[in-house]
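Student: Spelled out from the first residue to the last, the chains are:
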Amino acid sequence: MLDRRSFMTAAGSGFLSALLPRAAEALERSDYVFAAPCRKPDGSYAVAVAAGNGDILHIAGLPDRGHDVTFDPVSGKAVVFARRPGTFAVAFDLTSSGVQLTITSPPGHHFYGHGVFSADGRLLYSAENAFETAQGVIGIYDCTDGFRRKGALESHGIGPHEILLMPGSKTIVVANGGIETHPDFGRQKLNIALMKPSLAYIDVATGDLVDQIYLPVALHKLSIRHLCVDGAGAVWFGCQYEGATGDEVPMLGRHRPGREVELIAADEGLCRSMKHYVGSVAANSDSSLIAATSPRGGVAVMLDAETGRVVSSRTLPDVCGAAADGTGFAHTTHDGLFDVHGRAVSSGTIAAWDDHLLRI
Amino acid sequence: MKTSRPALIFALLLAAWPLSGATTGWGAEPGRLEIVRRAIEFHIRPGFERFSNEAELAQADMDALCAAPSPAALENARRRFASLVSAWARIEFLRFGPLVDDNRADRIHFWPDRRGIGLRQVQRILAKQDVSAIGVQTLYGKSVAVQGLTALEFVLFGTGADSLDADTGDPFRCRYGATVAANLARISEDLETAWNDEAGYSATLLKPGEDNQAYRTEDEALGEIVNVMVHGFETLRDIKLQPVLGETVKKAAPRRAIFRRSGQTLAVLEGNFQSLQHLFEVSGIIDAVPEKQKWIGGSMLLEFENAQRTFDGIRLPIEQAVKDVEQRGKLTYLVILTRSLQRLAAEQLAVAMGLAVGFSSLDGD
Chain G
1 MLDRRSFMTA
11 AGSGFLSALL
21 PRAAEALERS
31 DYVFAAPCRK
41 PDGSYAVAVA
51 AGNGDILHIA
61 GLPDRGHDVT
71 FDPVSGKAVV
81 FARRPGTFAV
91 AFDLTSSGVQ
101 LTITSPPGHH
111 FYGHGVFSAD
121 GRLLYSAENA
131 FETAQGVIGI
141 YDCTDGFRRK
151 GALESHGIGP
161 HEILLMPGSK
171 TIVVANGGIE
181 THPDFGRQKL
191 NIALMKPSLA
201 YIDVATGDLV
211 DQIYLPVALH
221 KLSIRHLCVD
231 GAGAVWFGCQ
241 YEGATGDEVP
251 MLGRHRPGRE
261 VELIAADEGL
271 CRSMKHYVGS
281 VAANSDSSLI
291 AATSPRGGVA
301 VMLDAETGRV
311 VSSRTLPDVC
321 GAAADGTGFA
331 HTTHDGLFDV
341 HGRAVSSGTI
351 AAWDDHLLRI
Chain S
1 MKTSRPALIF
11 ALLLAAWPLS
21 GATTGWGAEP
31 GRLEIVRRAI
41 EFHIRPGFER
51 FSNEAELAQA
61 DMDALCAAPS
71 PAALENARRR
81 FASLVSAWAR
91 IEFLRFGPLV
101 DDNRADRIHF
111 WPDRRGIGLR
121 QVQRILAKQD
131 VSAIGVQTLY
141 GKSVAVQGLT
151 ALEFVLFGTG
161 ADSLDADTGD
171 PFRCRYGATV
181 AANLARISED
191 LETAWNDEAG
201 YSATLLKPGE
211 DNQAYRTEDE
221 ALGEIVNVMV
231 HGFETLRDIK
241 LQPVLGETVK
251 KAAPRRAIFR
261 RSGQTLAVLE
271 GNFQSLQHLF
281 EVSGIIDAVP
291 EKQKWIGGSM
301 LLEFENAQRT
311 FDGIRLPIEQ
321 AVKDVEQRGK
331 LTYLVILTRS
341 LQRLAAEQLA
351 VAMGLAVGFS
361 SLDGD
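Protein chains in written order, with my numbering: chain G, 1 to 360; chain S, 1 to 365.
Hints are supplied without guarantee of correctness; some may be wrong.
Stated by the list, open to error - Simulated pairs of lysine-lysine, DSSO-like, Cα-Cα distance not exceeding 30 Å: (1) S:Lys-250 <-> G:Lys-150; (2) G:Lys-196 <-> S:Lys-250; (3) S:Lys-250 <-> S:Lys-128; (4) S:Lys-330 <-> S:Lys-207; (5) S:Lys-251 <-> S:Lys-330; (6) G:Lys-170 <-> G:Lys-150; (7) G:Lys-196 <-> S:Lys-323; (8) G:Lys-170 <-> G:Lys-40; (9) G:Lys-150 <-> G:Lys-196; (10) S:Lys-251 <-> S:Lys-142; (11) S:Lys-292 <-> G:Lys-189; (12) S:Lys-142 <-> S:Lys-128; (13) S:Lys-250 <-> S:Lys-323; (14) S:Lys-330 <-> G:Lys-189; (15) S:Lys-294 <-> G:Lys-189; (16) S:Lys-294 <-> S:Lys-251; (17) S:Lys-330 <-> G:Lys-170; (18) G:Lys-196 <-> G:Lys-170.
To be verified - Short derived list, chain G residues pointing at chain S, Cβ under 7 Å: (19) Asp-142; (20) His-182; (21) Pro-183; (22) Phe-185; (23) Gly-186; (24) Gln-188; (25) Ala-244; (26) Thr-245; (27) Gly-246; (28) Val-249; (29) Asp-355.
No wet-lab data here; the hints were simulated from the structure. Keep in mind that this is a model prediction, so the values were computed, not measured. Cβ atoms here follow ideal geometry from the backbone N, Cα and C, with glycine treated the same way.
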């Protein structure tokens, strides 16, 4: 994550000079910069860069609905991925006022909506579905060569969703959601009774499976989908449950590599208020707090990263995006609100924020 | 239900509704729970009862076939399979509560089986004459893919099925089929019992509240019923029609058609449409819509009629229909109708009742 100063350095004068005066002013006043895919009032899709107060600095069209954005501070490039089962991703070069380059998934693959850069910014990894065999794949793209596809690693599970780089940058952690889909069948889930979600740690150099965590068999319908890594290197994951409506199941968990997986007990009423659906998770700047959102339950929750206890639970209809904003979090909602510490602002240029919010 | 399909989120738009029905002038309209009650009493319970009866008869017919194989007994068992499948088509979208508990829906019908997992498992049981598949208890413990309609269809209609009509045939195959039928009879009886239990899932739906694990509000309970329609149309389109039709005649994939081996594809699709119409009508859901928006009911009925007329005009079996220009047009029209009906249910009906549909949480990430 960058502060405004580093962002402006990374973005360069091209980006800044392209800003309208009002946007430049907003950026000047802002501590943080965010990016997220969105829908515009005319129904078209785009990706927006926003100042910390929600003011839109830059907006660029997308061919279809996006899902998440990833950013490389080294090159100042950002990539937004299509929502599954989309087959495009768009790279933005913030250093040259938003030049775009479209990346397409190879034939027989589609993106899952999430990806991450290597630490040196030379490679882009993306979660993909090799859908004829329902094999989870981590695609590798060469950022120094027009995002040419270089190869792929196995994700070691069906339906990889969010992927992140672990501290040390040698390992990628993958949330293998376990749900099989095939583009010929829309977004229908094809294997609920047979689901086997996992958290996989993959050596990016060799593709070797370093570790793989499965939940207890009774929770095999608990799809592990969203991730954040806190300052201590613990992986926090948010889940979506495909079992019966009334079931009490943990919606969040933490895995400290080398230790047993910990599930956040359901007795906090989390399961119910989140309606079996966590949309995103994030850690704040000093990793003392973890945010988790549920658009279905319309709640934004904060947990103490030390104890896993719920610190606060706030009603915010259709909330999904969450990103660190200093000690707290900024949130975005599917009905177009940008919420900073409980103060929600809407913008005339954004009708709906898509699922994920990235602090650049 | 949020099991094998995406779920809608409903937000309460009219916070006070329906507590003050009498004073708002909407007092003549039934409460939300009355709609839910009618859905249970007039649609859900009769549907599960019929399926249970058919499964019991299927078990008897399979037993008779195994005891005295003959062309007539095989024909009888095959005809019974068709009525069993038709009864299933009337309830398969009711994927909440009893039908999703213990993976019952998947046990009854493991489908779509895009990668042929279930089929391979069934063929392995037959090839190896796996005795653990003979006996309801042990069969229930096996893969969900080998204990329901997919398996029974292959036994009765798949490669080698014709040998079932004589003593010299394949007794193991017949006994496996009879076990599957017995398993279906047991599961369907459990379903019928669960729905008929006044203190069971019916009460869960009819008594929403803070201490209700599944439904906190009347809106959520009613939303479950509306979801059946919304997801029913979506499933019809995304899994049953479009993958078979393909984008062009060349890309048509009739082998993906549901219950194609038994020739029941179109009957099942028609039964699906009819079941959703039945639910719509007998629940009287349109009664809960304010006067000004009652047109939604007429529009939905018109589309249901269009669907029925279209089915009446499909005369070729599915394998040929997808490749025949005129018949393919009818199937394509059914796709359009699913879209229209889904939109009417999700964007008009639900909204008119104060149940708003979210932008994205509609079908997940």
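Student: Work down the list of hints and note, for each, if the structure agrees.
Tutor: Verification of the hints:
{"no.": "1", "hint": "S:Lys-250 <-> G:Lys-150", "verdict": "33 Å, violated"}
{"no.": "2", "hint": "G:Lys-196 <-> S:Lys-250", "verdict": "35 Å, violated"}
{"no.": "3", "hint": "S:Lys-250 <-> S:Lys-128", "verdict": "38 Å, violated"}
{"no.": "4", "hint": "S:Lys-330 <-> S:Lys-207", "verdict": "43 Å, violated"}
{"no.": "5", "hint": "S:Lys-251 <-> S:Lys-330", "verdict": "17 Å, holds"}
{"no.": "6", "hint": "G:Lys-170 <-> G:Lys-150", "verdict": "18 Å, holds"}
{"no.": "7", "hint": "G:Lys-196 <-> S:Lys-323", "verdict": "38 Å, violated"}
{"no.": "8", "hint": "G:Lys-170 <-> G:Lys-40", "verdict": "38 Å, violated"}
{"no.": "9", "hint": "G:Lys-150 <-> G:Lys-196", "verdict": "29 Å, holds"}
{"no.": "10", "hint": "S:Lys-251 <-> S:Lys-142", "verdict": "35 Å, violated"}
{"no.": "11", "hint": "S:Lys-292 <-> G:Lys-189", "verdict": "37 Å, violated"}
{"no.": "12", "hint": "S:Lys-142 <-> S:Lys-128", "verdict": "15 Å, holds"}
{"no.": "13", "hint": "S:Lys-250 <-> S:Lys-323", "verdict": "8 Å, holds"}
{"no.": "14", "hint": "S:Lys-330 <-> G:Lys-189", "verdict": "27 Å, holds"}
{"no.": "15", "hint": "S:Lys-294 <-> G:Lys-189", "verdict": "34 Å, violated"}
{"no.": "16", "hint": "S:Lys-294 <-> S:Lys-251", "verdict": "41 Å, violated"}
{"no.": "17", "hint": "S:Lys-330 <-> G:Lys-170", "verdict": "55 Å, violated"}
{"no.": "18", "hint": "G:Lys-196 <-> G:Lys-170", "verdict": "25 Å, holds"}
{"no.": "19", "hint": "Asp-142", "verdict": "27 Å, violated"}
{"no.": "20", "hint": "His-182", "verdict": "6 Å, holds"}
{"no.": "21", "hint": "Pro-183", "verdict": "10 Å, violated"}
{"no.": "22", "hint": "Phe-185", "verdict": "5 Å, holds"}
{"no.": "23", "hint": "Gly-186", "verdict": "3 Å, holds"}
{"no.": "24", "hint": "Gln-188", "verdict": "5 Å, holds"}
{"no.": "25", "hint": "Ala-244", "verdict": "5 Å, holds"}
{"no.": "26", "hint": "Thr-245", "verdict": "4 Å, holds"}
{"no.": "27", "hint": "Gly-246", "verdict": "4 Å, holds"}
{"no.": "28", "hint": "Val-249", "verdict": "11 Å, violated"}
{"no.": "29", "hint": "Asp-355", "verdict": "5 Å, holds"}
Hint violations for this structure: numbers 1, 2, 3, 4, 7, 8, 10, 11, 15, 16, 17, 19, 21 and 28, all remaining hints satisfied.
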